[in-house]
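Colleague: Whole structure, please, built from the sequences with the hints as guidance.
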Amino acid sequence: MQHATSVLTPLVLCAMVGLLWWPIDASMFRGRISIVDGKCNVTAQANTTKLLNDAESLSMGTPLCARIQCNLKTEEFIGEACWAISCDPECKPVAKNPQGVFPDCCLSECDCWDPQLVIDPVPQ
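If you count the sequence shown from 1, position 25 lands on 25 in this note's numbering, and the numbers rise without skipping.
These are calculated hints, taken from the structure and not from any lab test.
The C-beta atom is built at its ideal place from N, Cα and C for all residues, glycine as well.
A hint or two may mislead.
What the hints assert, rightly or not - Below 20 Å or equal to it, Euclidean Cα-Cα: the simulated DMTMM-like pairs (lysine to aspartate or glutamate) are:
#1 K50 - E76
#2 K73 - E56
#3 K50 - E75
#4 K39 - D54
#5 K73 - D37
#6 K73 - D54
#7 K50 - D37
#8 K50 - E80
#9 K39 - E56
#10 K39 - E76
#11 K39 - E75
As the list claims (entries may be wrong) - Per label pair, the in silico range of CB-to-CB distance:
#12 Q99 - G38: 30 to 40 Å
#13 D37 - Q99: 22 to 32 Å
#14 V36 - Q99: 32 to 42 Å
#15 Q99 - I35: 29 to 39 Å
Modeller: Following this line, the structure appears as structure tokens:
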């Protein structure tokens with residue numbers, strides 16, 4: 001049993017390091033932020049005066065079409081570009097995402113319609 005533990009420990013550590021270095025999806029972005037009154041100042045990213053609490057997120061509609069979230073501990077924000085989805089009554093996406101794949105038709109607070117973000121729309 002001692003040998004099994006000594007073999008597994010390096011494997012677990014390698015797996016953990018691998019997860020830490022996992023690349024961010026093309027639609028993800030991050031950056032440094034300043035802290036004002038114990039909150040994240042995302043004014044520059046949101047194009048409006050906005051302070052976020054730790055782990056709070058902000059959805060930004062057209063034309064920005066993105067969501068950002070604050071991390072006070074690391075003094076950074078992480079954002080996600082939202083690729084436009086418009087669904088018909090049968091819930092079929094009419095636009096592909098940047099990877100050329102039709103996304104699931106799950107509308108979230110992050111979804112918005114921006115014709116410049118539509119890639120390869122389905123003909124009507």
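Colleague: All the hints need checking, so say for each whether the structure fits it.
Modeller: Structure-based check of all given hints:
For the suggested pair K50 and E76, the alpha carbons sit about 14 Å apart, so the restraint of at most 20 Å is met. For the proposed pair K73 and E56, the alpha carbon gap of about 13 Å is at most 20 Å, so the pair holds. Between K50 and E75 the alpha-carbon distance is near 15 Å, which keeps this suggested pair within the 20 Å criterion. This hinted pair checks out: K39 and D54 have alpha carbons roughly 7 Å apart, not beyond 20 Å.
About 14 Å separates the Cα atoms of K73 and D37, which keeps this hinted pair within 20 Å; it holds. In summary, the hint linking K73 to D54 is supported, as the alpha carbons are separated by about 8 Å, within the 20 Å threshold. In summary, the hint linking K50 to D37 is supported, as the alpha carbons are separated by about 12 Å, within the 20 Å threshold. For the hint linking K50 to E80, the alpha-carbon distance of about 17 Å falls within 20 Å, and the restraint holds.
Taking the CA atoms of K39 and E56, the gap is about 10 Å. The hint holds against a cut of 20 Å. About 11 Å separates the Cα atoms of K39 and E76, which keeps this hinted pair within 20 Å; it holds. The straight-line distance between the Cα atoms of K39 and E75 is roughly 9 Å, inside the 20 Å bound, and the hint therefore holds. Between Q99 and G38 the beta carbons are some 38 Å apart, a value that agrees with the proposed interval 30 to 40 Å.
Separation of D37 from Q99 is about 40 Å and departs from the stated range, judged on CB atoms against 22 to 32 Å. Taken as a hint, the range 32 to 42 Å holds for the pair V36 and Q99, whose Cβ atoms sit roughly 37 Å apart. Restraint check, Q99 to I35: a C-beta distance of roughly 35 Å satisfies the suggested window 29 to 39 Å.
Hint compliance for this structure: hint 13 is the single one not met.
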